[in-house]
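With the hints as a guide, bring the two chains together.
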Amino acid sequence: MAESVRLIIDGEHADVPRGTSVAAAILNRGTWGFRRSVEAEVRGPLCGMGTCQECRLEINGEPHQRACMAMCVDGMVVRTGRASD
Amino acid sequence: MEHRHAKVVVIGAGPAGLAAAARAGEHGCSVLVIDDNPDSGGQIWRGDHGLRARTWRARCAAAGVAFVHETAVIGESAPGTLVAGRPRGPMRVRFERLVLATGARELFLPFPGWTLPGVFGAGGLQALVKSGFDVRGMVIPVVGSGPLLPVIAAYLRGRGARVPIVAEQASAASMRGLATGLLGAPAKLIQAIRLRAALWRTPYRTGYWPVQATGEDRVREVKVSNGQRTLTIACDALACGFGLVPNIHVASTLGCHITEGRVDVSDLMRTSREGVFAAGEALGVGGVECALVEGEIAGLAAAGAEDEAADLRGRRARARAFAGALSDAFRLREELRRVVDDATVVCRCEDVRWGRVRARSCWRDAKLQTRCGMGPCQGRVCGPAMAFLRGWRVGDSRPPVYPAGAKDLAVALGSAGASAAPDERGLRERTNMEPER
Ligand SMILES: Cc1cc2nc3c(=O)[nH]c(=O)nc-3n(C[C@H](O)[C@H](O)[C@H](O)COP(=O)(O)OP(=O)(O)OC[C@H]3O[C@@H](n4cnc5c(N)ncnc54)[C@H](O)[C@@H]3O)c2cc1C
Ligand code: FES
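Residue numbers (my numbering), protein chains in the order written: chain A, 1 to 85; chain B, 1001 to 1437.
Think of the hints as simulated: they come from the structure by calculation, not from any bench.
Each hint should be verified, as a subset may be incorrect.
[To be verified] Now the stretches of chain A that chain B is said to cover, found in silico as 3 or more residues with beta-carbon under 8 Å:
1. 11-22
2. 32-46
3. 49-56
4. 68-74
This structure is a prediction, so every number in the text was calculated from the model and none was measured.
Every residue gets a Cβ at the ideal spot worked out from N, C-alpha and C, and that includes glycine.
Excised from the complex, chain B in its bound form (with noise of 0.2 Å):
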């Protein structure tokens, strides 16, 4: 098994990960980033080349910032101990200090018909697209909510795809306080100009959302409607995501305090737990610079540099402030836990239906009963939208099991109990006995 060790331990190489290693490298520190993915940049700088993913980039290289891709840290063998899984088998880690950058997943929500392939997220869109995916000439609704959407079409009709409409959810007079809210951002307020600029023939409808998508082999067709009217619209291709899930399990793992599927960090991105840190999407969705100035204040104090990273403390309070009024005016409508039929599949894992599950009485008596959320997402996709759905508290689960590795993941993860080399199943079923939250 490989060993690695390094002074500052990074998880996530998005740009609050990039800002932290840049940081405490520059400080002197050995700092080791690990990232699943196959390259650096997180979600939003994924094969982006642009100046600041550049820069940040850079910086990470210029204080000797090493990398390993590819590989998803799953827990801690003992304590300053991680382990992670890669495709060439598990891989031990040994820390000092830990900064947690582990960023945010899409909220997807279940409606009638999203479970035909051309569903897709409109981030998980755009990263598809980011990797190959050609959609020249492809008709592509943009369905959801959030300060996403409109970027993401306006990226879709630069890849040459046809935008009809992009539905956001939110009512018009949800939006407008955020309009205000915006005057206080300055470089918010030239971005969202640019977009509408690069939108200019897109209509933007506020208050619709999808209430069906239907097509025999793919999606061919999606329905949105505001309660009253609802608008049909031929496609090739749907995107459709509802906000953003912070990724919390590796802190829960860990043991960090999470308060509301947050990691709770000091002013100084201190978690509950001694010498690990935390910063961006993890704590909140916050947008990029957000999870910037987060990055560089947990860099800095995991180097110690206490000072220099105390300074920074405005600039972070500003870029929260401007998250939470965008939260506000995104909020979800009562109207999305109603789409849901009898027949609409919840958990795609396990094929389990809304008539099922709705019923349970909570998310643990929902997996034991019916196996919502005990498929091999382990309740990634499903968990946040029953939250929604039924008000359920879902404790964020552990990432995927990769067969593959598990028996070798199960030794490498040693201490507890796991000598025995369980087999993919009893992995499974250990990982699955998180303590509801």
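The shape of chain A in the complex, shown without the other chains (with noise of 0.2 Å):
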């Protein structure tokens, strides 16, 4: 088994292996809205690659991180945007 990280996604606690990337770990507990956009549209994930910015959300108080391009680790806290930015 791979050694697991336990970080907190919307409050509650997430086990996964390492090397998991946030968005991963996001769309695995069935969350699949990340953010919202400029008029309120959810929206999720598209490039999975840093470039499009449709993944951004809150890590560890920092807005606007990029969930694809973080990996998870020990501790993190994470928060999904449900206000619109």
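Here's what the structure looks like:
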């Protein structure tokens, strides 16, 4: 078994294998909407490689982080965007 | 601020960058590779520990090549000094020779419903699965265009997804030319046969393109059409990609000559700027063989081993010829310009809809009047889409500005009057002031 890391996603604990991206961890919980667009449409990841910015959310209090480019680490706190940014 | 220095600096750790780094390192140069991703391998070797990926990584290690990851090069503060953004703050890197191996990104074309959660890029979905997204049991049609679609369909099936269809917009007629072209490239032919075997239960339909995705909270259904018949396919997610777009922004920032969205190079991979080389997908989509041989040539030439580099030119010419045949076969059809309706979002960052942007006269006009291309992705998604939909000339934009480090980056870039440390908005405006091409 791969070693796992524990993080907090939207207030709940999640244990995921090391090497999992934040985007994958969120999708695996069944959450497909990551943020709201300027007109409040729900959006999720598109490009998976850091280009489109559709997967932005809050990581450790920093807004606008790309979930597809960030790896899950122990103690990380992630919040998907409910409000419009 | 962290400072680094190397004789040869390579931007991009994909196949082209790794090959360049290994070759230059083997010739005794100090080499530093800078890459935006958490790991080396670029698009194709992301999370791949296959033989070829391992071999090139091992050659880099043996040659003493150094790497910095999660670091994006954003510009040059003085000739020969790059500025890069990273989570821990900016970094400056001095080079004597530079190899640009910045690769390509996926081309996305808008169609109604493409902004629904669950509509992924084809390569994008593959990248997400490689980073742990579990697609077992999901029904995922693969639509769009290009040789990557069947590769990705086979990959998704291997990961337990059901792929009910691969819909390729190119016609069977335009692809027949390719089948004969393939005979000249045995390795590719074998790869194609293997793929066909992996896909034997998945219909590969040519001449069909996506016209609509629907769903409440996320995509649940996609319609594909051949102009006469429309098929409706229920799904859990959708993978769509229409080919690749070279990443040329670093090259253009450094003043390298660019033609039709590709970096211009000599047969030894020299750009128009002295001491700056380029290789791989940034020169136009060419596939992994091409990226490797071009990386080798660039690395050797940068290390001054020009004779050795010259010996590889034949291999490169063959790889490029194959790439040319591919792009002819997968030429995008006219009808794809007509699937958007007035309510279709074209610029996803600013929610600019087709109805507002279609009447603008050019890319610059669209940016100023509608904010199309002015959001955080800096036009990297909608720019190439508008170039296709309207035939506009769209200069490749700067990489995204990371708000957290915006001030630091502005300071790091220094010279260009940024010492007043503009706020995020100021920096964004600056980054938008690229000359139109
Ligand atoms: C999403 C996607 C999926 C693909 N999947 C496949 C596949 O399954 N099979 C296949 O044969 N081909 C695939 N390709 C095609 C593939 O791009 C090429 O075959 C090959 O990877 C090209 O190698 P490269 O080294 O030129 O570029 P890439 O592999 O694209 O590597 C370029 C690297 O440069 C980095 N970079 C770019 N700009 C900067 C910057 N400013 N600062 C720092 N780093 C930067 C990128 O993050 C990337 O890691 C895919 C392409 C894409 C876009
Ligand atoms: S999915 Fe596009 S930037 Fe993360």
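Right, here's what the structure says about each hint:
1. 11-22: holds (count 5)
2. 32-46: It holds: at least three residues are needed, and the segment 32-46 of chain A offers 12 whose Cβ sits within less than 8 Å of chain B.
3. 49-56: holds (count 7)
4. 68-74: Holds: 3 residues of the segment 68-74 of chain A have a Cβ under 8 Å from chain B.
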